[in-house]
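Engineer: Here is how the chains run, residue by residue.
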Amino acid sequence: MSAPSGGGASRDGYGQALLAMVDDDQIVVLEADLGKSTKSCLFRAEKPSHTFCLGIAEQNMMLVAAGLATSGYVPFASTFAIFTERAFEQVRNGIARPNIIVHICGSHGGIHTGTDGSSAQSIEDLAIYRTLPNMTVLHPSDDVSAKALTLALRHHDHPSYTRTARNKVARAYSEESAAELTIGKGHVHREGDDVAILACGVMLNEALEAADTLATQGIQATVVDMHTIKPLDETLVNELSLNCGAIVTAEDHSIIGGLGGAVAECLSANIPTPLERIGVADRFGESGDSDELLAMLGMKAVDIVKAANRAISRK
Amino acid sequence: MAKRCRRHIVKMVYDIGAGHPGGSLSAIDMLVGLYGHRLRVDPSNPDWADRDRFIMSKGHASPGVYAALHERGFITAEDMASYRRLGGACQGHVDMKWCPGVDFSAGSLGMGLSFGMGCSIAASLDGSARTSWVMLGDGELQEGQVWEAVMAANHHEIGNLKVIVDRNGIQNDDFCEVQMRVFDVAEKFIAFGWAVKEIDGHDMSAVVEAIDWADSVTEGPACIVMHTVKGKGVSFMENNPKFHGAAPTPEQYELAKEELA
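Just so you know, the protein sequences line up as chains A and B, in that order.
Heads up, the first sequence is in my numbering, so the first residue is 1 and it goes up one at a time.
Heads up, the second sequence is in my numbering, so the first residue is 1 and it goes up one at a time.
Simulated from the structure, these hints should not be mistaken for laboratory data.
Backbone N, C-alpha and C fix where the C-beta goes; we use that ideal spot for every residue, glycine too.
Treat the hints with care, as some may be off.
[Unchecked claim] With the Cβ distance kept under 7 Å, some of the chain B side facing chain A (calculated, not the full set):
| # | residue |
| --- | --- |
| 1 | GLY92 |
| 2 | MET96 |
| 3 | GLU148 |
[What the hints assert, rightly or not] Now the in silico label distances, taken between C-beta atoms and shown as ranges:
| # | chain 1 | residue 1 | chain 2 | residue 2 | range |
| --- | --- | --- | --- | --- | --- |
| 4 | B | TRP48 | A | GLN26 | 43 to 51 Å |
| 5 | B | ASP184 | A | THR115 | 42 to 50 Å |
| 6 | A | SER119 | B | GLU259 | 23 to 31 Å |
| 7 | B | ALA261 | A | ARG86 | 47 to 55 Å |
| 8 | B | GLY73 | A | ASP25 | 28 to 36 Å |
| 9 | A | GLY72 | B | ASP200 | 34 to 42 Å |
| 10 | B | GLY73 | A | ASN134 | 53 to 61 Å |
Sequences and hints are given; from them, build the entire structure.
Structural biologist: Okay, structure coming up:
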């Protein structure tokens, strides 16, 4: 894996996407005193007239966004992933239920957030938003793909939740490859017939590294960026279960209800296939740097390699 | 019109055997004032983009809204008869996806003022004179989100946002004084920098005057605290916590019809 300093954080991609839409007068940006962190500050600096700080008050922010959306605007509202959860019922009743097109971004998701500790490390956001009818749930891996997917939301016809990450990771995308990204379609980074590793967010890099290691063992892995958790690309999951016969999911999220949960639901309903889930195993995180935490929680590339072998042995 | 609306409210709740008559009857004079006197809306084009918005944040008072919408020509008597029934336009709580003329899907308290603020910000961005009117219950003021919105509305100096608090003194389980005192509502809004006017919410001339006063406030948000009687107009419902969310018996319904004749 290349050095993180050469990469980008997905939150930067979110900010860059907003900035790229600055001439679009239908775009409005909402913040809850974390614009510098979620990177909506980039838009604010260029277009304060269309940026609204609602203070440290996430519940209000969600419904202000809904009001704007019903009046012809396309709101992008961001705060930390964990604080969007404080307004979950507002999102449920005020946005998802009436299917009002508000785009929510929760940054600093996952234990990769690091030293802030467990209070800031959302490991359940993907799961809870995935339960809501009408919601699209995204979790891009790096800054380049986050920018492309955020831009794709401009004309998306459902409300959405996008989780971004605080820290830089090696880029898995170029501008050209990111241009191929489509909401709802997994992006295949590597093809192999022995096992399929479905990853999202910062875990895509770990999955690609794991595939390199597996190749040295004579095991060929497919690696997919499942940047869209909902709607899940079931066609691709089914295809991979037939082709590879063993699946591993990798996410910086609880193994309950997120990507692993979604894939488990899909496989059990369609083509039962050995599945191993890499993620946070039903516990909270703690302070530490990102790599230390990934290692402690069994979420490094080496753990994905072991999980792949377990899945293959269960064929 | 107000008396007709009261009859609609009681009939809707009686016919389905459930619903919220008390807070509808306390709010109805203001609803008549707004729909009859003030709101720039078009029943032939309910989604008209430049209409004024009315947001019933205490969405359980839906029979009151449906009665006013019917009188204003948005929905039919058949629609009102669908109240709380499968597939009906008149869902248990007001729902913008189901009922023409409804601007907000409510039902969970505390959200409407925030939504109205979003509508008002949009109107300002558009350079439009349209205005958002939001009705809150007094029990609803116990929701923290209301005060997030009250603070934000004055911070952003949202002059095209008007709030009406239906101060009927009763919430689901009991009197507000028993459940959670909300004290002097007007003072609270004043403390947050709002312009505030208190009125008798059953005095139609005061209602109309207050609406005009709220319209005259343009430099920031305005709040009308209307003192009302829950269940107003039906003797056995008046000031009776039991009729926050209950239907009358057949005997009670006959009495109510007589009183509202």
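Engineer: Take the hints in turn and mark each one as holding or not.
Structural biologist: So, going through the hints one by one against the coordinates:
no., hint, in the structure
1, GLY92, "violated, 13 Å"
2, MET96, "holds, 6 Å"
3, GLU148, "holds, 4 Å"
4, B:TRP48 to A:GLN26: 43 to 51 Å, "violated, 19 Å"
5, B:ASP184 to A:THR115: 42 to 50 Å, "holds, 46 Å"
6, A:SER119 to B:GLU259: 23 to 31 Å, "violated, 57 Å"
7, B:ALA261 to A:ARG86: 47 to 55 Å, "holds, 50 Å"
8, B:GLY73 to A:ASP25: 28 to 36 Å, "holds, 34 Å"
9, A:GLY72 to B:ASP200: 34 to 42 Å, "holds, 38 Å"
10, B:GLY73 to A:ASN134: 53 to 61 Å, "violated, 31 Å"
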